[in-house]
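S.K.: Listed below are the residues making up each chain.
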Amino acid sequence: MANKPPERDLAPVIQKLRLRYAKRGRLRFSSHRDFQRALERALRRAGVPMAYSAGFSPHPKISYSNSAPTGVASEAEYVEIGVTELCDPQKLQAELDAALPPGLDVVEVIEATSSDFSSRLEASLWEMEICAPAQEVMSAVGALMESTEVLVERKTKSGLRVFDARSAILLMESVTESAVTGPGGDQMPPECVILHVVVRHITPSVRPDDVLTALKQVGNLVPLKPIRVTRLAQGPLNEVGDVGIEAEISIRDPFDPDRVLV
Amino acid sequence: MTSQILDSSASTTRERGQSVFPELEALLPLIAKPIQYVGGELNAVTKPWSDATVHWALMYPDAYEVGAPNQGVQILYEVLNEQADVLAERTYAVWPDLESLMREHEVPAFTVDAHRSVADFDLLGLSFSTELGYTNMLTALSLANIPLHAIDREDHPIVVAGGHAAFNPEPIAQFIDAAVLGDGEEAVLLISNIVKSWINAGRPGGREGVLLELAKSGCVYIPRFYDVEYLPDGRIKRVVPNRPDVPSRVTKFTLMDLDAWPYPKAPLVPLAETVHERMSVEIFRGCTRGCRFCQAGMITRPVRERSITSIAAMVENGLEKTGFEEVGLLSLSSADHSEIGDLARNLADRYEKTQTSLSLPSTRVDAFNVDLANELSRNGRRSGLTFAPEGGSERIRRVINKLVSEEDLIRTVTTAYGAGWRNVKLYFMCGLPTETDEDVLQIAAMAKEVIRAGREASGRRDIKCTVSIGGFVPKPHTPFQWAAQLDHESTDARLQKLKDAIRNDKEFGKAIGLRYHDGKPGIIEGILSRGDRRVGDVIETAWKNGARFDGWSEHFSFDRWIESAHFALEETGVDVDWFTTRERDYTEVLPWDHLDSGLDSEWLWEDWQDALSEVAVDDCRWTPCFDCGVCDQMNTEIQVGPTGVTDLPMPSARVSAVLIQGLCGN
Ligand code: SF4
Chain A
78 MANKPPERDL
88 APVIQKLRLR
98 YAKRGRLRFS
108 SHRDFQRALE
118 RALRRAGVPM
128 AYSAGFSPHP
138 KISYSNSAPT
148 GVASEAEYVE
158 IGVTELCDPQ
168 KLQAELDAAL
178 PPGLDVVEVI
188 EATSSDFSSR
198 LEASLWEMEI
208 CAPAQEVMSA
218 VGALMESTEV
228 LVERKTKSGL
238 RVFDARSAIL
248 LMESVTESAV
258 TGPGGDQMPP
268 ECVILHVVVR
278 HITPSVRPDD
288 VLTALKQVGN
298 LVPLKPIRVT
308 RLAQGPLNEV
318 GDVGIEAEIS
328 IRDPFDPDRV
338 LV
Chain B
241 MTSQILDSSA
251 STTRERGQSV
261 FPELEALLPL
271 IAKPIQYVGG
281 ELNAVTKPWS
291 DATVHWALMY
301 PDAYEVGAPN
311 QGVQILYEVL
321 NEQADVLAER
331 TYAVWPDLES
341 LMREHEVPAF
351 TVDAHRSVAD
361 FDLLGLSFST
371 ELGYTNMLTA
381 LSLANIPLHA
391 IDREDHPIVV
401 AGGHAAFNPE
411 PIAQFIDAAV
421 LGDGEEAVLL
431 ISNIVKSWIN
441 AGRPGGREGV
451 LLELAKSGCV
461 YIPRFYDVEY
471 LPDGRIKRVV
481 PNRPDVPSRV
491 TKFTLMDLDA
501 WPYPKAPLVP
511 LAETVHERMS
521 VEIFRGCTRG
531 CRFCQAGMIT
541 RPVRERSITS
551 IAAMVENGLE
561 KTGFEEVGLL
571 SLSSADHSEI
581 GDLARNLADR
591 YEKTQTSLSL
601 PSTRVDAFNV
611 DLANELSRNG
621 RRSGLTFAPE
631 GGSERIRRVI
641 NKLVSEEDLI
651 RTVTTAYGAG
661 WRNVKLYFMC
671 GLPTETDEDV
681 LQIAAMAKEV
691 IRAGREASGR
701 RDIKCTVSIG
711 GFVPKPHTPF
721 QWAAQLDHES
731 TDARLQKLKD
741 AIRNDKEFGK
751 AIGLRYHDGK
761 PGIIEGILSR
771 GDRRVGDVIE
781 TAWKNGARFD
791 GWSEHFSFDR
801 WIESAHFALE
811 ETGVDVDWFT
821 TRERDYTEVL
831 PWDHLDSGLD
841 SEWLWEDWQD
851 ALSEVAVDDC
861 RWTPCFDCGV
871 CDQMNTEIQV
881 GPTGVTDLPM
891 PSARVSAVLI
901 QGLCGN
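As given, the protein sequences belong to chains A and B, one line each in that order. Under the numbering used here, the first residue of the first sequence is numbered 78, with each subsequent residue one higher. Under the numbering used here, the first residue of the second sequence is numbered 241, with each subsequent residue one higher.
Where hints are given, some of them may not hold.
[To be verified] Derived pair list, reagent style DSS-like, types lysine-lysine, alpha-carbon separation capped at 25 Å:
1. 704(B) with 739(B)
2. 232(A) with 273(B)
3. 234(A) with 456(B)
4. 760(B) with 688(B)
5. 302(A) with 273(B)
6. 138(A) with 232(A)
7. 561(B) with 138(A)
8. 750(B) with 739(B)
9. 593(B) with 93(A)
Derived from the structure by calculation, the hints contain no laboratory data. Quick caveat: nothing in here was measured; it's all calculated off a predicted structure.
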């Protein structure tokens with residue numbers, strides 16, 4: 078009797094829902110796996126009629142895309158779930174948010190009406206809070222943007238990797254006010270500079286810590302304390318005109334195609 | 241309440257109860273698994289500091305991944321926070337990477353809830369499941385800037401030890417202000433009330449004043465009020481109160497009527513990965529099977545069951561509050577609950593169609609246990625099956641009072657393999673009193689029989705069994721408290737012979753897995769378990785030499801402990817062997833004799849003599865009372881079913897709030 082998986086209702090997926098969630102404040106230190114466990118539990122608490130895979134250890138049908146690294150906050154993380162009964166996206170948003178600990182916040186839920194969602198995530202807008210004298214930060218930014226290639230090293234599971242961090246960076250500018258709202262977005266120490274950086278998603282991916290490494294290399298930047306990073310957005314890239322003309326680069330909402338069809 | 245200003249580091253001042261998170265936050269990107277230090281778990285509680293009169297920091301002195309799921313701490317956290325004028329927060333041991341950064345940047349020991357400095361609290365309660373957490377306590381005290389020695393403390397938290405290890409707190413007597421024995425629920429409420437009255441009265445008598453009030457209650461042990469005198473040969477002459485108003489013996493707490501205490505009501509759901517990714521419901525406390533090596537069984541008597549109605553309600557409520565996928569029905573021997581069959585059937589019915597899995601930590605060697613496991617895994621989720629004969633030979637099982645015959649085991653595993661289980665775990669001990677090589681080699685013989693029977697029952701050759709061996713450490717308040725511990729060389733030699741006997745068997749060797757540890761850590765656990773106050777200096781020396789996380793093999797260093805013991809015990813005339821491998825006799829005053837677990841020492845001694853003459857005793861739940869002393873002494877009684885309830889009402893089907901009404905299929 079234990080040789081084959083037991084009979085279980087394997088109801089088919091009848092609806093797909095896409096979630097945007099935020100990882101804020103102290104919970105930015107949760108890893109992707111931590112979030113996965115928390116989400117699966119929250120889905121059960123909220124009574125979401127999840128579809129499951131078959132087999133001995135069935136898994137709920139959830140697909141994650143492109144999650145922010147541990148320690149990095151985000152306003153724009155995306156997940157897709159498959160359910161076996163029709164759900165109301167607004168209610169789901171409210172219930173699921175209530176079932177997650179504060180700091181892991183479900184911001185928006187939308188019914189999926191389009192495919193190829195993950196390929197829409199072409200680039201990210203990162204906010205980097207760097208505590209160092211403004212002059213030093215800006216001269217490092219200038220030096221980086223003037224370079225055509227900056228090779229950086231990163232330790233990965235398969236050893237040390239060397240790759241170019243420069244070409245993926247499409248935009249880097251300083252702003253006077255943080256775009257992060259909610260917990261963790263407040264008090265910025267006076268001696269810090271806020272940068273907004275648009276980075277194209279390429280392989281190997283260029284992450285905020287690679288950008289920082291590049292800034293340190295080309296500009297001898299020495300932050301006074303660990304930087305704080307938040308992903309503000311990710312989605313399709315708007316590139317009008319030449320790359321490098323800052324005002325023309327922006328990131329669109331990846332939910333747009335789903336909204337159009339509804 | 242007026243807030244007191246504390247001096248923290250040289251330049252900054254922080255108000256009492258103020259968060260240290262900004263300082264800590266700067267360190268978190270530099271360390272491994274920062275999530276374990278940030279708190280914010282589902283169902284965690286933070287109260288404003290000024291709302292409470294009594295502030296508790298509760299510490300589980302091991303890593304977060306081990307400590308966070310701990311039921312004891314979760315229960316006390318909730319019981320205390322339910323009190324209007326009491327606040328409780330949790331803290332765990334920090335790993336060495338964070339410890340060194342905290343020292344460098346002068347960040348004090350903190351709680352994970354509101355990240356308050358541990359030194360700001362009125363009480364620091366530590367739950368010691370094992371003695372191997374002692375050095376982690378010292379790290380926490382030093383990071384909190386609390387003096388290591390209780391007598392040097394002034395306006396610092398009152399340090400209270402609890403948990404099973406607190407049944408002999410003498411090795412840590414110099415570091416703690418108080419110890420409580422037994423169930424914590426009523427203990428923490430009693431302590432809170434005494435401390436509250438003392439605070440409200442303007443702290444009469446200072447620190448000594450409140451400790452005296454606690455001591456007078458008769459159930460809080462204050463080591464400083466007791467003097468230990470030694471004989472010239474190193475044994476204890478006597479332990480006596482050094483003032484007239486404290487009792488000569490301190491008694492344990494026993495919670496009666498578990499149904500009235502359905503905690504935790506809102507179990508914590510950690511974000512970080514922990515050792516138990518499940519929710520637990522305690523189905524009874526205590527165990528009267530009387531296995532002579534088992535401290536837990538001896539010190540938690542009598543058996544007190546929770547009714548199946550309230551267990552089912554706790555399971556349902558807990559799942560709803562947490563979203564966990566697995567529920568463990570906890571106790572020392574869960575198959576022994578008087579209505580376990582009905583409970584298992586009802587819960588299995590209830591959760592059959594869901595993804596929820598149920599587990600029952602029971603190692604009882606009988607076919608009924610297999611039936612239970614089959615029932616609970618009806619919906620397809622199967623963890624392993626474990627049986628614990630504990631001793632390899634029939635003779636040694638009579639010595640330890642584990643009444644299992646080889647036929648019982650073979651019948652049981654036949655049922656298990658026949659029912660489709662592929663791997664069965666068998667648990668044994670090595671180093672038991674009177675044990676010989678022959679007793680341990682019998683384990684190999686038994687395992688081979690198990691495989692033979694399993695192949696026959698299942699008709700397959702690919703079945704397996706895993707033999708796990710634990711080293712026996714004699715514990716206080718058990719019949720083996722007088723026994724000599726086996727030295728680590730002999731333990732290792734015996735295990736090597738067992739290993740050879742299994743490996744060299746062509747027919748069955750490959751089907752039998754063997755898991756064991758070397759004998760060294762057991763010796764350190766041994767001195768910490770049965771030590772007296774002189775062992776305190778050993779702990780402090782080892783800690784100063786770097787001992788941390790002694791329960792983790794990658795951090796434990798036997799040599800460091802032995803060197804520290806040589807150094808610290810030099811003048812005393814006693815040594816590690818004296819505490820561990822020496823047999824005690826009836827007249828010897830044991831370090832914990834003034835601490836009352838309810839067990840009659842006459843009875844314990846007779847049970848020890850019975851062990852030596854290989855005489856077994858039965859369980860008092862189904863045979864007449866054999867006068868172990870507990871019920872009489874503690875004014876308690878066995879509380880078991882059956883309640884007569886066999887069918888539990890099914891919970892009303894939950895209509896999910898996320899569905900579009902009218903559009904869902906059913
Ligand atoms: S069955 Fe034996 S080993 Fe298990 S808890 Fe009871 S006394 Fe202890």
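S.K.: Are any of the numbered hints broken by this structure? If so, which, sorted upward?
M.R.: The structure breaks hints 3, 4, 6; every other hint is satisfied.
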